[in-house]
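Asker: Residue numbers (the working numbering), protein chains in the order written: chain L, 6 to 205; chain F, 6 to 205.
These aren't lab readings, by the way, just hints derived from the structure by calculation.
Since the model is a prediction, treat every value here as computed from it, not as a measurement.
Please note: incorrect hints may appear among the correct ones.
[Said to hold, decoys possible] Listed next, the stretches of chain F that the computed footprint assigns to chain L, with coverage defined by at least 3 CB atoms under 8 Å from CB atoms of chain L: (1) 37–47; (2) 62–72; (3) 165–176; (4) 197–205.
[Stated by the list, open to error] Restricting the straight-line Cα-Cα distance to at most 20 Å, the calculated cross-link-like pairs of lysine to aspartate or glutamate (EDC-like) are: (5) Lys61(L) to Glu99(L); (6) Lys128(L) to Asp163(L); (7) Lys61(L) to Asp58(F); (8) Lys145(F) to Asp157(F); (9) Lys95(F) to Asp150(F); (10) Lys145(F) to Asp163(F); (11) Lys80(L) to Asp105(L); (12) Lys61(F) to Glu48(L); (13) Lys61(F) to Asp71(L); (14) Lys61(L) to Asp105(L); (15) Lys95(L) to Glu46(L); (16) Lys128(F) to Asp150(F); (17) Lys162(F) to Glu99(F); (18) Lys61(L) to Asp163(F); (19) Lys128(L) to Asp105(L); (20) Lys95(F) to Glu55(F); (21) Lys61(L) to Asp71(F); (22) Lys61(L) to Glu46(F); (23) Lys162(L) to Asp114(L); (24) Lys61(F) to Glu46(L); (25) Lys61(F) to Asp58(L); (26) Lys61(L) to Glu46(L); (27) Lys95(F) to Glu113(F); (28) Lys128(F) to Glu113(F).
C-beta: ideal position from N, C-alpha, C; glycine also.
2 protein chains.
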Amino acid sequence: FLSFFLSATHPAMAKTALVILATGAEELETVAVIDVLRRGEVEVTVAGLEGRDPVKCSRGVVLLPDVALQDVATKLFHAVILPGGGGGSKRLRESALVGDILRTHMKEDMLIAAICAATTALKAHQIGQGLQVTSHPSVKQELTDTYKYSDDTRVIKDANIITSRGPGTAIEFGLLILSNLTSGEVRSSVAGPMMLFPGQ
Amino acid sequence: FLSFFLSATHPAMAKTALVILATGAEELETVAVIDVLRRGEVEVTVAGLEGRDPVKCSRGVVLLPDVALQDVATKLFHAVILPGGGGGSKRLRESALVGDILRTHMKEDMLIAAICAATTALKAHQIGQGLQVTSHPSVKQELTDTYKYSDDTRVIKDANIITSRGPGTAIEFGLLILSNLTSGEVRSSVAGPMMLFPGQ
Ligand SMILES: [Cu+]
Numbered sequence: 006f007l008s009f010f011l012s013a014t015h016p017a018m019a020k021t022a023l024v025i026l027a028t029g030a031e032e033l034e035t036v037a038v039i040d041v042l043r044r045g046e047v048e049v050t051v052a053g054l055e056g057r058d059p060v061k062c063s064r065g066v067v068l069l070p071d072v073a074l075q076d077v078a079t080k081l082f083h084a085v086i087l088p089g090g091g092g093g094s095k096r097l098r099e100s101a102l103v104g105d106i107l108r109t110h111m112k113e114d115m116l117i118a119a120i121c122a123a124t125t126a127l128k129a130h131q132i133g134q135g136l137q138v139t140s141h142p143s144v145k146q147e148l149t150d151t152y153k154y155s156d157d158t159r160v161i162k163d164a165n166i167i168t169s170r171g172p173g174t175a176i177e178f179g180l181l182i183l184s185n186l187t188s189g190e191v192r193s194s195v196a197g198p199m200m201l202f203p204g205q
Numbered sequence: 006f007l008s009f010f011l012s013a014t015h016p017a018m019a020k021t022a023l024v025i026l027a028t029g030a031e032e033l034e035t036v037a038v039i040d041v042l043r044r045g046e047v048e049v050t051v052a053g054l055e056g057r058d059p060v061k062c063s064r065g066v067v068l069l070p071d072v073a074l075q076d077v078a079t080k081l082f083h084a085v086i087l088p089g090g091g092g093g094s095k096r097l098r099e100s101a102l103v104g105d106i107l108r109t110h111m112k113e114d115m116l117i118a119a120i121c122a123a124t125t126a127l128k129a130h131q132i133g134q135g136l137q138v139t140s141h142p143s144v145k146q147e148l149t150d151t152y153k154y155s156d157d158t159r160v161i162k163d164a165n166i167i168t169s170r171g172p173g174t175a176i177e178f179g180l181l182i183l184s185n186l187t188s189g190e191v192r193s194s195v196a197g198p199m200m201l202f203p204g205q
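Okay, chain L solo, but in the shape it has when bound:
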């Protein structure tokens, strides 16, 4: 009984997620998804695209990454997550290492998730062409030639790709990633105490 109890509270096979943090990332989108996943006991690694140094986000919040992306580039995670923000998304688009990581995780059928302007980084690295996606409306025009674009969903999953729209949808984005990595029950237990808007 004791060992069952321990394994239930410390699951041996915890799910893992990689959040790729670039200078200019939208800080609220970044932190919301980390927070939601960690509340659901997902092991989240926050990896600095440019190394281990503090990362200045789009509205000046400074986040310390857990590791340099380079140092976890050969690891496989259950989910790879790209926060939005104009400057951050540009760096995600331009990084060959991000492309390599996304393609490896596609091949292994892991979850790939992008929010806001970061959906453009999926396109830049030729991930999931033809699937249903959404994004911040300001970058819609760049995506409609490559994807089935959805305007009327706040977060959407097609195959192994999850996309969402902006800071106001970031908790829902985190929760959909969480329910896919764990279960609807875990999602509910995390969402409850967070005081979401009714219907969210």
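Start from chain L and add chain F with the ligand according to the hints.
Answerer: Okay, now just chain F with the ligand, sitting in the frame of chain L:
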């Protein structure tokens, strides 16, 4: 005309806000309010209660404060903001310096705002007794003897005190602070691109 244009884009009298960041603060609540206010051109100072070192938040996100609280303790801000989180709120309750800052700002009739468990720090420092407040439901019992407690509002302002409930209400909390510091038009211009839930 030019000088009007410049003063409109760089207002000489920018509003200022102090966010007091303690170890164990809820990172999503902290970052949401900073993000919203900076989108609205409020000058936000993120001050580390324990100094200038990186601050580990409740779900392991590490934030770098802009300054040590000690170094801005004699400054007056248009708003003083207390993020929630169990560990962070406890430190806010126990800090005599936080009490001094809150009382000074009360005396000068500045805005004082607390979210989630941080409403308990208002009580600990004897701020706004008898006013309508809300908080995370988990600390309601500690507050009903001192305040008119509101269960059915996500964010509430009474006199110069604004309080709110949790991570899911943090953007609305930031927006109500913003509209009080600036205007309803600024609030709308900030809220629009954030992709809030309809009705939020
Ligand atoms: Cu964004």
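Asker: Decide, hint by hint, whether the structure agrees.
Answerer: To see whether the hints hold, each was checked on the structure:
no., hint, in the structure
1, 37–47, "holds (count 5)"
2, 62–72, "holds (count 6)"
3, 165–176, "holds (count 6)"
4, 197–205, "holds (count 7)"
5, Lys61(L) to Glu99(L), "holds, 18 Å"
6, Lys128(L) to Asp163(L), "holds, 15 Å"
7, Lys61(L) to Asp58(F), "holds, 16 Å"
8, Lys145(F) to Asp157(F), "holds, 12 Å"
9, Lys95(F) to Asp150(F), "holds, 19 Å"
10, Lys145(F) to Asp163(F), "holds, 17 Å"
11, Lys80(L) to Asp105(L), "holds, 12 Å"
12, Lys61(F) to Glu48(L), "holds, 16 Å"
13, Lys61(F) to Asp71(L), "holds, 11 Å"
14, Lys61(L) to Asp105(L), "violated, 24 Å"
15, Lys95(L) to Glu46(L), "violated, 30 Å"
16, Lys128(F) to Asp150(F), "holds, 10 Å"
17, Lys162(F) to Glu99(F), "violated, 24 Å"
18, Lys61(L) to Asp163(F), "violated, 35 Å"
19, Lys128(L) to Asp105(L), "holds, 14 Å"
20, Lys95(F) to Glu55(F), "holds, 13 Å"
21, Lys61(L) to Asp71(F), "holds, 11 Å"
22, Lys61(L) to Glu46(F), "holds, 17 Å"
23, Lys162(L) to Asp114(L), "holds, 14 Å"
24, Lys61(F) to Glu46(L), "holds, 17 Å"
25, Lys61(F) to Asp58(L), "holds, 16 Å"
26, Lys61(L) to Glu46(L), "violated, 26 Å"
27, Lys95(F) to Glu113(F), "violated, 25 Å"
28, Lys128(F) to Glu113(F), "holds, 19 Å"
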